[in-house]
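Same order as they appear, the protein sequences are chains A and B.
The numbering used here numbers the first residue of the first sequence as 12 and each following residue consecutively.
The numbering used here numbers the first residue of the second sequence as 1222 and each following residue consecutively.
Since the hints were made in silico from the structure, they are not lab data.
Built from N, CA and C at the ideal position, the CB exists for glycine as well.
Mixed in with the good hints, there may be bad ones.
Claimed, not checked - Taking beta-carbon pairs under 7 Å as the criterion, some of the chain A residues facing chain B (in silico):
hint, residue
1, Phe111
2, Gly114
3, Ser116
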Amino acid sequence: QKEVEQNSGPLSVPEGAIASLNCTYSDRGSQSFFWYRQYSGKSPELIMSIYSNGDKEDGRFTAQLNKASQYVSLLIRDSQPSDSATYLCAGELTGNQFYFGTGTSLTVIP
Amino acid sequence: DVKVTQSSRYLVKRTGEKVFLECVQDMDHENMFWYRQDPGLGLRLIYFSYDVKMKEKGDIPEGYSVSREKKERFSLILESASTNQTSMYLCASRSALYTFGSGTRLTVV
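In isolation and in its complexed conformation, chain A is listed as follows (with noise of 0.2 Å):
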């Protein structure tokens, strides 16, 4: 089992609707996790950061955290088509090691 797991998507969503992004952590000691975005043949930028049990809101970007069912989620509001590229979670696990899921390829649809 990977440390940090995504659904590999692609995920399409209509300009203006709400995007979904999910991941799932195996190691329940985990205390910080991270959303980075990367466009297609850009290096990755960090959008949120999340660090307790809850809601974390920045603009349009909000980053869910629950520790008791080891997720982490990324809900895209009033999406746009700049929002348009691959997604990927990050955990700072025990002892210090930081992973990286395999990314979400997420679409908006003019």
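Starting from the structure of chain A, add chain B where the hints point.
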């Protein structure tokens, strides 16, 4: 802002060549990493370093080596390039958060 600079965006090398990929960061970070990224496989850790002259193998070190003579510079070396090393290579630097370089797309022919 932390800046991580990779010296080449695109490289084409021949099978058997020795290849050097250079990475420099400007924020005095101790931790530096080399990943390769392939479709469907995500980011795979090749080597990392927590300090000068220190190196640790990641998940896929075979066919690679690294050098960290100075804190700001972490070099990835392909001793004898092969076609299965054609990939996107990403360098990263880290304090609390990762910052990635712009990547080097290497093609081995």
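Tested hints:
1. Phe111: holds, 4 Å
2. Gly114: Holds: closest Cβ of chain B sits about 6 Å from Gly114 (chain A), inside 7 Å.
3. Ser116: Result: violated, 10 Å to nearest chain B Cβ.
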